[in-house]
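A.B. asks: Assembly of the complex is requested from the two constituent chains, each provided in isolation within its own frame, with the hints serving as guidance.
One letter stands for each residue in the lines below.
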Amino acid sequence: MIVELSNLLSALNVSADWIGLRATQEASTHRTVRDGIPEYNRTTTTQGIMVEVLVNGQIGYAATNLLTLESVQAAALTAQRQAIAASEWNIHPTPLSARPKVVEDYTSPILKPFDALTPGEISEILTKICQTLKVSDQIVQTSATAIVTETETWFVSSNGSEAHQKFWMISTDYSATAQEGAIVQRRSNNGGLAHCYQGGIEHLVTPDLWQRVKQIGDQAIELLTAEECPTETTTLVLAPDQMLLQIHESVGHPLELDRILGDERNYAGGSFIKLEDFGKRVYGSPLMNITFDPTVPGEFASYRFDDTGTPATREYLIKEGTLMRGVGSLESQARAGVLGVASTRASSWNRPPIDRMGNLNLEPGSGSFEETITSVDRGIFMEANRSWSIDDQRHKFQFSCEYGRLIEQGKLTKTVRNPNYRGVTPEFWGSLIKVGDRSTWQMYGTPFCGKGEPNQAIRVGHGSPIAVFANVEVFGGGA
Amino acid sequence: MTKTVSFLESSFDQLVETIADQLKPDEHFTLSLNSEQSQFTRFNHAKVRQTGSVNDGSLSLTLMRDQRSSDHQFPFTGDLEIDRPRAKTALEALRKDVSQLPVNPYLVLPSGNATSQEIYTGQLLTIDEVVPTLLPVVADLDFTGLYAAGLMIRAYADSVGQKHWFATESFSLDYSLFTPDGQAVKGTFAGDRWDQSAYATKIQTSRQQLDRLSQPPKSISRGSYRTYLAPAAIAELVYMLSWGGVSESSFQQGGSCLGAMRRGEKKLSPKFTLRENFRHGLVPRFNELGEVAPLDLSIVEEGELVNMLISSQTAKEYKLVANGADQGETLRSPEIAPGELSSEQILATLGTGLYLSNLHYLNWSDRPTGRITGMTRYACFWVEEGEIVAPIENLRFDDSFYQFWGENLAALTNFQEFIPDVGTYENRNLGGTWVPGMIVNDFTYTL
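Top line first, the protein sequences correspond to chains A and B.
Taking the numbering used here, I'd label the letters of the first sequence as residues 1 to 479.
Taking the numbering used here, I'd label the letters of the second sequence as residues 480 to 926.
What the hints contain is simulated information worked out from the structure, not anything from laboratory work.
Wrong hints could be hidden among the right ones.
Computed cross-link-like contacts, EDC-like style, restricted to lysine to aspartate or glutamate with a CA-CA straight-line distance of at most 20 angstroms [said to hold, decoys possible]:
#: 1; chain 1: B; residue 1: Lys798; chain 2: A; residue 2: Asp35
#: 2; chain 1: A; residue 1: Lys274; chain 2: B; residue 2: Asp621
#: 3; chain 1: B; residue 1: Lys526; chain 2: A; residue 2: Glu88
#: 4; chain 1: B; residue 1: Lys575; chain 2: A; residue 2: Glu39
#: 5; chain 1: A; residue 1: Lys166; chain 2: A; residue 2: Asp105
#: 6; chain 1: B; residue 1: Lys575; chain 2: A; residue 2: Glu124
#: 7; chain 1: A; residue 1: Lys166; chain 2: A; residue 2: Glu180
#: 8; chain 1: B; residue 1: Lys697; chain 2: B; residue 2: Glu872
#: 9; chain 1: B; residue 1: Lys750; chain 2: B; residue 2: Asp921
#: 10; chain 1: A; residue 1: Lys411; chain 2: A; residue 2: Glu222
#: 11; chain 1: A; residue 1: Lys274; chain 2: B; residue 2: Glu872
#: 12; chain 1: B; residue 1: Lys575; chain 2: A; residue 2: Asp115
#: 13; chain 1: B; residue 1: Lys795; chain 2: A; residue 2: Glu39
#: 14; chain 1: B; residue 1: Lys745; chain 2: A; residue 2: Glu180
#: 15; chain 1: A; residue 1: Lys112; chain 2: A; residue 2: Glu152
#: 16; chain 1: A; residue 1: Lys134; chain 2: A; residue 2: Glu202
#: 17; chain 1: B; residue 1: Lys745; chain 2: B; residue 2: Glu783
#: 18; chain 1: A; residue 1: Lys274; chain 2: B; residue 2: Asp660
#: 19; chain 1: B; residue 1: Lys795; chain 2: A; residue 2: Asp35
#: 20; chain 1: A; residue 1: Lys112; chain 2: A; residue 2: Glu202
#: 21; chain 1: B; residue 1: Lys575; chain 2: A; residue 2: Glu121
#: 22; chain 1: A; residue 1: Lys134; chain 2: B; residue 2: Glu796
#: 23; chain 1: B; residue 1: Lys526; chain 2: B; residue 2: Asp607
#: 24; chain 1: B; residue 1: Lys798; chain 2: A; residue 2: Glu39
#: 25; chain 1: B; residue 1: Lys750; chain 2: B; residue 2: Asp775
#: 26; chain 1: A; residue 1: Lys411; chain 2: A; residue 2: Glu227
#: 27; chain 1: A; residue 1: Lys134; chain 2: A; residue 2: Asp35
#: 28; chain 1: A; residue 1: Lys414; chain 2: A; residue 2: Glu370
#: 29; chain 1: B; residue 1: Lys567; chain 2: B; residue 2: Glu496
#: 30; chain 1: B; residue 1: Lys567; chain 2: A; residue 2: Glu26
#: 31; chain 1: A; residue 1: Lys166; chain 2: A; residue 2: Glu370
With the rest of the complex left out, here is chain B (with noise of 0.2 angstroms):
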C-alpha cells in the first residue's frame, strides 16, 4: 500500500506542478483528488451475488479568474503519460469556459498556507481470503449485504501552495440476517484490520439477536409510543440535518429545518447536544479550498443552536464567519453527545413501548416544522413493563424532531456507538457518525 500511496502521491504534485507552471499571473486554482481501489462482494442467502473490483480516480480542477469560476472533472490515473495532458486540456477547456460566465461576487479565493498529510496503513483481506474467511462462520444463516475494502484517497493542493493528502486503507461488512419469515436483524463491522476473531464475536451477538425474532411479529395500531430508538437508528436521524439543517446557506435562503431554532423560537432538550468532532481521525479536516475544520464545533449545545455550519462562500455572501464547513455545509464528523442510561437500564426506562434498532428510507413531511417521516426496520420490538414481548410488524413514524429532541427526549444512554457510514456511490464513503440511544415519549406511528 505504502508504495502504491507513495507513486500516487507523486503523480499527484507533478500534475500540480504542471497545472501551476501553466497558469496564468490573474488565476487561480484548487485542485482536488478522490480516489479508491477496492473490493466489492456482495451476498445473499450466505452466498457470493457479485464480486469484483474498482480501481478509480478523478481529479477536479477549479480555475478562477476575473471573480468568475468553472471547475473540471477528470479521471486520474496516476499514470503521468496520459493525466498531464489531459490536465493541460481541462485548463485550457476552463479558460474558454470562464470568460464567458457572469461575475460571482461571492468567489473566495484559495488563501492560506495549511498543509496536511495523514496516511493509514491497513491489514486487509486478499481477494481470494474475502469469501473463504467470511462465508464459512455464516454459512448456516441467511446473510445478505456488501463487503468493501481498500485503499481510498482524498487530496487537494492549490495555486497558493497549500496541500493535503489523506490516504486510508479500510474495510466495512454492512450485512443482514435474516429469518424464515423475513425478520432481520443489522450489522456493521468495520475497520482497517481484518480481525476474524472480532468478527466471529459480532456475528455470534447477531445470532442471539436473531433468536428474539423467532416468534410472529405483533400488529401494532397507529398512534404515539414511548420508544427507544438505538444508535443505528439517531444516526439516520442525524443524516436528515445536512439535508436542509445545520447548513446557514440553506437557513439564509429558507430551506433550514433549523429556522424556528435560529429565529430564537424554539429549543431543544437541555439533554441534547450535537457537535463536529474531528478527534475521530476517520475522514479528513480539509474542504474544497484547503480551509482545515477545527476539531471540535459544537452545533446544538444543551439544547441551544450555537453555530451552523459556514462555508467561506457562504460567510462572503451573508456577511458571517466561515468556520471550516465544505461548500455543501454537511456534517462530516458528527457526534451527540451521550447522557446517563446504562444499557442494563434501556428496557427497565422504556417500561412499555417500542424498541426500534434501525430506522429507514427517511424524508421530511414539514421541513420548517422539523417534521420527518420513515419507518422502522430490522430488529424492532414491542416491550411490556421492561421485557421484550415480540417483534412488531413494520411501521411508519412522522414526528417532528423539535419534539423527539425536544421536550419528548427522556433519556440518552451513557454510550455512543459509531455508525460507519458505508455508503458507496460512486466512490466508497469514508467515517460516519458517533452516536447514543434515546428513550423518547409519544413517537408518532401513523400507518
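So here's chain A without its partners, still in its complex pose (with noise of 0.2 angstroms):
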C-alpha cells in the first residue's frame, strides 16, 4: 500500500508547499449478547485518504472514501482550495517542520490473534457470561460484549515520509444490573468498555474471567442491601479503573496544548492551565508523576509516531508535581512555545488531526494494596466510573463509581452503594498523600474520548497503581 500510495501522491498535480496523504483503512467486529441474546453483530470496515495540503502556511483538507486518481486529485486540488480561501486568516502560519519527513513502522504486540474463536465460539463465550453474571432473579439485565479492531494507517508526504501502522486491538465489556422495587445498581468488569487494549483474544479469554464474571453478578446483588455511601470529607482511596477517568478528565484534558490555546472553547472547553504555567505550576503533591507513554506494550494508545509524522516518545508531563509539558504535537508546540508530546491524532482517515491525549499513566510509588489500606484510619475505597461530569475549564468535577467499601481503622468494610465525589483539580491533586506501588498498577483504556470540531472519538489508554486523596467531599444517591 505505502508504494501505491507512494506512486498517488507523485501522480498529484497541485501546487503546494507541502502535500501528505493519510490513508486508513479498518474492519472492526462488535459482538454483544444481552441476556442470552445475541444483540449485536456488526463488522464495520472503513477506508479513505486524508489529503492535506499546505499553502501560505495554511493547511487545507479533503478526505474522501474514492482511492481513485482521479478522486484523489479532485479532493487535493480541493484542499489546495481551502488552504488558499483561508490562508489570509491564518491563525497562526504552520511551519513545514510541523510536519517532519518519518520513516517507520509500528505493529501492535498480539498472542492470539482474533480468528483464533470463529464467531460462534466468541457468541458462545459471550452468553455463558451472561448466563454466569445472573447468579439470581433479582438480575435483570446481563450484558457481554467484545470488539476486536484491526486498523492500519500509511502516511507519505512530499518530504519524503513513508510511514505505517497497523494496530490490533480488543475492547471487552460485561455488566450485570440488579433490581429490586425502585433500587437499581449495576455493577461491570471495571467501568464501561474500560478493558481496551492492543492485542487479541488473549484479552478475552483471561485465566481469571469466570471468577471475575461471578464476582461481578454477586456484587451487583450485594450493591442491592448495600447502604448509601455516606455525605463527609474524608480520606478517598481509588482504584486503577477510577484513576482512569480521574486522569483522563483532570489531568489529560487540561494539558491539551489546543485547550489551553483556544481552538476547543467552543465545544469541549479551554483550561485552567496557562501557557506560563509550565515548568513551574505545582499541578499535585509532589507523589505525582504522570508520564505520556506511547511505549508501554498493550497499552491502548501506542504507536510509533503520531498522525503529523512526529515520533512518539515517553515524556513526563507532570514530575513530582511540578508541570513540565502539555498535550501537543508541534503545530501546537510552535504556536504555544512551550513543550509538547507526539500526540496530534485524528479519529480516522475523515478527520483532520488534533491535539489527543495518547496513553497518559500516573506511575508507582510506594506500598502494596494492603499497605495502602492499612494506612487509612477512616476513609472510602471506590471502584469503576459510573458516572463523570467536569466543567469546561477542567475544574470543577463530580465523579461517580460502581461500588465503595468504607476503611475503618486500616480495614475495608461495609459495602456501599452509589459512591460519588466532588472536587476542584488543584486542590484535589495537591490532597494526593499516597501512591501504590507497581504491583497495585493496573492499565485500562476508552474509545470514547470526544473532542474537535468536526467532532472525534478517539482511543486513549490509562495505567494507574491505587491512590489516595486527603479531604474529599463524598455523598451517595438519592433525590
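C.D. replies: Set out below in C-alpha cells:
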C-alpha cells in the first residue's frame, strides 16, 4: 500500500508547499450478547484518504473514500482551494517543520489472533458470561461485549515520509444490573468498556475470567442491600479503574495545548492551565508523576509516531507534582512556545489531526494494596467509574463509581452503594497523599475520548496504581 | 446538488437490485445508507484554525436467516464498479457469520410497503466564500466555532421492497464570543440558505449579550436558588432522556430514569408535556426496519407518562406494540410544549435567582432517582428583583428532574426555540430540539 500511496502522491498535479496523504483502513467486529440473546453482530469496514495541502502557511484538507487517482486529485485541488481561501485569515502560519519526515513501521503486539476463535465460539463465550452473571432472579439484565479492531494507516508526504502502523485492538465489557423495586444497581468489569488493549483474543479469555464474572454478578446483588455512601469529607482511595477517569478528565484534557490555545472553547472547553504555567506550576503533590507513554506494550494508545509524522517518545508531563509539558504536537508547540509530546492524531481518515491524549499514566509509588488500606484510619475505597462530569475549564468535577467500601481503622469494612465524590482539580491533586506500588498498577483504556470540531472520538490508554486523596467530599445517591 | 443526489440515488437503487438478485429464498436483508459531502471550517480568535471537506458514505447491510442476523458496514462511494463487488463480498461474509450465530428469538424481519422520498435543496456558500463571508462580520470579536455545511443523505431499502430516501442540504454555524476575561456567549445559526443579513443580525444580538458580561463575575455560594433555564439549557436536559430514559427496553432492563413514573410512583408537573413531533420535517421518519414513525407521539402529557419509545424488537420481546421507534429507542425530534410566560416577563417572574443560558457536560449522578449533574456555561447571571446584576462564576448543579420538571416547575415560556443538533461524531447530525425556557424553584447547586 505504501508504494501505491507514494505513486498516487507522485501523480498528483497540485501546487503546494507540502502535501501529505494519510490512508486508513479499518475493520472492526462488535459482538454483544444481552441476557443470552445475540443483540449486536456488526462488522464495520472503512477506508479512505485524508489529503493535507500546505499553502502560504495554511493547511487545507479534503478527505475521500474513493481511492482512484481522479478522486484523490480532486481532493488535493479542493484541499489547496481550502488553504488558499483561508490563508489570509490564518490563526498561525503552520511551519513545514510541523510535518516532519518520518520513515517508520509499527505493529501492535498480539499473542492470539482474532481468528483464534470463530464467531460462534465468541458468541458462546459471551452467552456463557451472561449466564454466569445471572446469579439471582434479581439480576434483570446481563450483557457481554467483545470488539476486535484491525486498523492500518499509511502516511506519505512530499518531504519524504513513508510510514506505516498496524494496530490490533480488543475491547471487552460485561455487566449485570440488579433491581429490587426502585433500587437499581449495575456492576461491570472495571467500568464501561474499560478493558481496551492492543493485542488479541488473549484479552478476552483471561485466566481470571469466570471468577471475575461471578464476582460481578454477586456484587450487583450485594449493592442492592448496601448502605448509601455516607455524606462526609474523608480520605478517598481510588482503584486504578477509577483513576483511569480521574487522570483522563482532570489531567489529560486540561494539559491539551489546543484547549489552552482556545481552539476547543466552543465545544469541549478551555483549561485552567495557562501557557506560562509550564515548567513551574505545582499541579499536585510531590507524589504525582504523570507520563505520556506511547511505548507501553499492549496499552491502548501505543504507537511509533503521531498523525503528523512526529516520533512518539515517553515524556513526563508532570514530575514530582510540577507541570513540565503539554499534550500537543509540533504545530501547537510552535503556536504555544512550550514543550509538548507527539500526540496530534485523527480518529480516522475523514478527520484532521488535533491534539489528543495517548497513553497517560500515573507512575507507581510505594506500598502494596494492603499497606495502602492499612494506612487509612477512616475513608472510602471506590471502584469503577459510573458517571463523570467536569466543567469546561477542567476545574470543578463530580464523579461517581459503581462500588464502594468503607475503610475503618485500616480495614475494608461495609460495602456502600452510589459512591460519589466531587472536587476541584488543583486542590484534589494537591491532596494526593499516597500512591501504590507497581503491584497495584493496572492498565485500562477507552475508545470514547471526544473532542474537536468536527467531532472525533479517539482511543486512549490510562494506567495507574491505587491512589489516596485526603479531605474529599463524598456522598451517596437519592433524590 | 440535484444531479449529485440523483446519481447517488441511482447507485443506491442499483446496489439494492444487486443484493436482491443475490438473495436466497430464505434470506432477508435491510440496507441503510448514511452519506455526506461536508464543508468544515473551524475558527478561533476570529481566524481560521482548520478548514476542509469530507466526502463520505457508509452502507449498512443486515442479513437475516433462520432467526439469526448480522450486519456489515462498508463504504459507499457511488461508483458501482467499486461498490457492487463490496456489496457482494459483504453479503458472502454475512452468510458465513450468520450461520455460526445463535438464534435470536426476537428478531424482526422487514415488512410493510412503506416508501418515501424527501429532497431538500439548499443554497450554501462555496468553499471560497465561507471565510470571507463569515469572518469580516466578527473580525473585532473573540469569535470561535465551527461552520459545517453540505449535503446529507439517509436512505433505506429492504428485501420486501420498501425504500426511503432523505437528502438535505443545510448549514450550521455553532459559535461562541468571548470577553477578555473568559466570559462567553453561545450562538447557533442554521438553515438551508445562507442569509447574510440574518447572520449579521444574529451576531449583533450576541454582541449585545456579550456587553452584559463585561463586569466581573459574581461568586455564588452553593445552595438552592430559583432559576431560569433558557431553551438551550433545556435542550441539554432533554438529551439526557435518550440515555436510559424514554426507551422501553431500558425500562424493562432496569436502566430507565422514568421507572418511577412507569411504576406509577411519580408524576411530573401538569405544566410539563414532552412529545416526538416529526412535523418539522428536519429528520427522516423511517427507522432501521423502514418503519415510519407517527407524526406525533406524546411521551409525557401534562405530567403523566403516556408512552415510551418501543421498537419492533422490544415489542416482540416484551409482547407490546411498537410505535415506530428506532432501534436505540432515542428521541429523534423532541419537543417540550410551551407555557404562558412571555419573554418580557422572564426576569420579573424570576425575581431573585439565577438566569442560565446553557448547561454543559451533563451526566446521571443517580439515574433511578432522575438526578442529573452538570455545569452552568456561557452567559449565566445573578438576578435580583427582576434585574440582571452580574454574570456568575460557573456552578455545578445536581438535581432530579422529578423535582425541576415536577413540583418545582414554576413556569414555561410561551415560545419555543429550535436548538439544532450540531454534533459531528462520524457524520453530521440532523434535526434538533424544540424547547421553551422555564423557571424552577430551588434548583440545587453543589460546587
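A.B. asks: If a hint holds in the structure, say so; if it doesn't, say that too.
C.D. replies: Against the structure, the hints:
1. B:Lys798 / A:Asp35: Within the cut-off at roughly 17 angstroms; holds.
2. A:Lys274 / B:Asp621: 18 angstroms, holds
3. B:Lys526 / A:Glu88: At roughly 9 angstroms apart (the allowed maximum being 20 angstroms), glutamate 88 of chain A and lysine 526 of chain B satisfy the hint.
4. B:Lys575 / A:Glu39: Measuring from Cα to Cα gives roughly 18 angstroms; hence the hint holds.
5. A:Lys166 / A:Asp105: 8 angstroms, holds
6. B:Lys575 / A:Glu124: The hint holds at about 16 angstroms.
7. A:Lys166 / A:Glu180: Measuring from Cα to Cα gives roughly 47 angstroms; hence the hint is violated.
8. B:Lys697 / B:Glu872: 6 angstroms, holds
9. B:Lys750 / B:Asp921: 17 angstroms, holds
10. A:Lys411 / A:Glu222: Cα-Cα ~19 angstroms, so holds.
11. A:Lys274 / B:Glu872: 18 angstroms, holds
12. B:Lys575 / A:Asp115: 13 angstroms, holds
13. B:Lys795 / A:Glu39: 14 angstroms, holds
14. B:Lys745 / A:Glu180: 17 angstroms, holds
15. A:Lys112 / A:Glu152: 18 angstroms, holds
16. A:Lys134 / A:Glu202: The given pair, whose Cα atoms are some 24 angstroms apart, is violated under the 20 angstroms limit.
17. B:Lys745 / B:Glu783: Holds: lysine 745 of chain B and glutamate 783 of chain B sit about 9 angstroms apart, inside 20 angstroms.
18. A:Lys274 / B:Asp660: Within the cut-off at roughly 13 angstroms; holds.
19. B:Lys795 / A:Asp35: Within the cut-off at roughly 15 angstroms; holds.
20. A:Lys112 / A:Glu202: Holds, at about 6 angstroms.
21. B:Lys575 / A:Glu121: 14 angstroms, holds
22. A:Lys134 / B:Glu796: 19 angstroms, holds
23. B:Lys526 / B:Asp607: Satisfied, since the Cα-Cα distance of roughly 15 angstroms is no more than 20 angstroms.
24. B:Lys798 / A:Glu39: 18 angstroms, holds
25. B:Lys750 / B:Asp775: 19 angstroms, holds
26. A:Lys411 / A:Glu227: This hinted pair holds, its Cα atoms lying about 17 angstroms apart.
27. A:Lys134 / A:Asp35: Measuring from Cα to Cα gives roughly 8 angstroms; hence the hint holds.
28. A:Lys414 / A:Glu370: Holds: lysine 414 of chain A and glutamate 370 of chain A sit about 17 angstroms apart, inside 20 angstroms.
29. B:Lys567 / B:Glu496: 11 angstroms, holds
30. B:Lys567 / A:Glu26: Cα-Cα ~19 angstroms, so holds.
31. A:Lys166 / A:Glu370: 40 angstroms, violated
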